[in-house]
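Protein chains in written order, with the numbering used here: chain A, 132 to 335; chain B, 132 to 335; chain C, 6 to 281.
Just so you know, the hints here were simulated from the structure itself, not pulled from any lab data. Quick caveat, the model's predicted, so the values are computed rather than measured. Be careful, since some hints might not be right.
Short, incomplete list of chain A residues facing chain B, as computed with Cβ under 10 Å [stated by the list, open to error]: (1) Val138; (2) Ala147; (3) Arg216.
Chain A is faced by these chain C residues, among others (derived, beta-carbon under 8 Å) [what the hints assert, rightly or not]: (4) Lys143; (5) Pro147; (6) Glu155; (7) Thr161; (8) Tyr167; (9) Ala170; (10) Gly172; (11) Val175; (12) Pro176; (13) Gly224.
Yeah, the Cβ is synthetic: ideal placement off N, Cα and C, and Gly gets one too.
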Amino acid sequence: MRPEQIVEAVLFSSDAPLRAEEIARADESLDEDVVERAIQRLQGEYQEDERAFEVAEVAEGFQLLTRPEFASYLERFDTVPRPSRLSGPALETLAIIAYRQPIGRMEVEYIRGVSSSGVIRTLQDRGLVEVVGRAEGLGRPLLYGTTPRFLEHFGFQSLADLPRTEELSVVLRDRAPLTADQEAPVDPDQEELNLEGSEESDPQ
Amino acid sequence: MRPEQIVEAVLFSSDAPLRAEEIARADESLDEDVVERAIQRLQGEYQEDERAFEVAEVAEGFQLLTRPEFASYLERFDTVPRPSRLSGPALETLAIIAYRQPIGRMEVEYIRGVSSSGVIRTLQDRGLVEVVGRAEGLGRPLLYGTTPRFLEHFGFQSLADLPRTEELSVVLRDRAPLTADQEAPVDPDQEELNLEGSEESDPQ
Amino acid sequence: MRAPPGRSGALLPSAVAGPGRFVVDLDRFQGPMDLLLHLIREQDIDIFDIPIARITDQFLAAIQEIHPEELDSAGEFLEMAATLVRIKAQMLLPRPPDEEEEDPRAELVRRLLEYEQIREISQRLEAAESQRARRFPKGYVPPRPKPPLEESPLETTWEEVYEAALGVEVPDPKAREHQVTRRGVAMEEKVELILKMLPERGRVEFSELLRPWKEKLHGVMTFLAGLELARRRTLRLRQVQPFSELWLYWRGEGGAGSTGDEAQDRAAMPEEEGDR
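Can you build the whole structure from these sequences, using the hints too?
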């Protein structure tokens, strides 16, 4: 391998700028001088061949970057949003918020058993979830609910259309209270009773 | 700007494969054909100039990748992100989903003999597998299939690049459950005969 | 760390600990199919004519090694054991004279071959993966303005959300208790702490409240608790000058007792149902 090729490979695949002596570690055949001469030759080749990229020298070392005059193409290219999908944690969090809204972050975390502020933020950024109010009481925590975009995306007329079949855990089906001292309701009658207490406002 | 330059700039500033029509969005002067011709010319230039990278055809798109012979130089660099490898169970589950898609969780579990919902979820989170529909019948179970990201991970251009079942040392009979008139062969020669009938579906 | 599939044949010297008895390290198997295939391939058994009694015995012997705490995966091994025992019993029954009857082993053979094929495919996939890993993509991609997430089309279907919903279970309060207290309820704890110390002492230094803890979060939560209690007029915050010590002064009465109870109630559970 020629030094230029090794240097090019390293600069190409590195995710941070590298100083000449760092690049030299790639191979015994390299030292700082050899690397710097190789970079100069690469610079020359790129210019001569009218490549769209160049070796840029930044504070921390060398880096391959597209030349500034291509920025406009890349920006345009980027404005086409690429379709994406929700991760497993996001799906779970969205399901909990959809079924138990309005719901605070701490309750989501209690049900999931893991910290969830990042996931909730993502769902907010995606416009699927929004702050719908504040709970009474200490610290008046924010309450989250689903957005009209949520209904639209999943093709529901209203939240009443969310399927509430027996397959669902009572946590989602019935908004059973989650206190530590109360057992999760097993008996349907008891569930009924518990529900009486939670007169949460209709989230619509 | 020449089309090659624009295409190069776009490929250079993407960390994932791009299809020709995606690249064409960068400028009005481009369309799919122009992009593909430009890629061919770039290919030729990189080869002639002995660049350390090439335009690879991956996941039905194009991506700049270093040539394999530089791997040993790059593997030791902290700043070069190492590709992540899948676990044994993940590979096994992916193999089943890739060849039998669309396939439900229960069928995956029957083939593997172990519960697989966690592995499938992980594969989904990594974007290697996605829900592609629902089966008919009881409970309408979800069906899974592979994603473009799956092709990308293994460097396949399309599902046609998967090893063909005929090339495998283990050959299967038709997947239809054995009927009473098909006796399990005892004699190895007879096995051959029965295997003739194997209509193993092509993984398309 | 990763166990490449299909290594069983090569990597597992199945030491014979007695006549016909295999000692098998179960951790190395991905499941009952893997183990069964190993037993068959290791002994060069014709897969189409499995000596079911012998294999069943060996399988049962192998799974006796399963630790009770691994009961999760044990279930899968036991299920296979049950299948083997059932086939063994069927083999003992006199075959009906009409030859149409299927060999009891047929379905098992089909499954084993299918599994073996999948294992071979996953080896091929692994090879492809390591080939691919020798080629590196562009390392640094300059950040460019991303369109807002909200505008990017979402491919997620309701089926996926619902599937996630089906996975949600009633949380076990015992399992959750310590996590919840450690994380979010810290502020309620601080309220309790303040209400415990303040009435009898009249005033207390902020730093004293923090003394037992090092993490920043305790400071934040104690401060928030102080603000909340000040808002409720339970106490007064006083600081002589910026960056000097912060003092908390008891304002007397002010329903301290009831607040205390309330705080205690809430500490047991997350906010949402707090106002029932």
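Hint check:
The closest approach between the C-beta of Val138 of chain A and any C-beta of chain B is roughly 8 Å, which is under the 10 Å cut-off, so the hint is satisfied. Restraint check, Ala147 of chain A versus chain B: the minimum CB separation of about 5 Å is within 10 Å; hint holds. Taken as an interface hint, Arg216 of chain A checks out: its beta carbon lies about 7 Å from the nearest beta carbon of chain B, inside 10 Å. Annotation: Lys143 of chain C was flagged as interfacial toward chain A, and the flag holds, the nearest CB pair being 6 Å apart, inside 8 Å.
For Pro147 of chain C, the interface hint holds, the least distance from its beta-carbon to any beta-carbon of chain A being 6 Å, beneath 8 Å. The beta carbon of Glu155 of chain C comes within 4 Å of a beta carbon in chain A, closer than 8 Å, and the hint placing it at the interface holds. Restraint check, Thr161 of chain C versus chain A: the minimum CB separation of about 4 Å is within 8 Å; hint holds. With a cut of 8 Å, the hint placing Tyr167 of chain C at the interface with chain A holds, because the nearest CB-to-CB distance is about 7 Å.
The criterion of a C-beta within 8 Å of any C-beta in chain A is met by Ala170 of chain C, whose closest approach is roughly 4 Å, and the hint holds. Look at Gly172 of chain C: its Cβ gets to within about 7 Å of chain A, closer than 8 Å, so that hint holds up. With its C-beta approaching chain A no nearer than about 4 Å, Val175 of chain C sits inside the 8 Å limit, and its interface hint holds. Taken as an interface hint, Pro176 of chain C checks out: its beta carbon lies about 5 Å from the nearest beta carbon of chain A, inside 8 Å.
With its C-beta approaching chain A no nearer than about 16 Å, Gly224 of chain C sits outside the 8 Å limit, and its interface hint is violated.
In summary, the structure is inconsistent with hint 13 from the numbered list given earlier, while agreeing with all the others.
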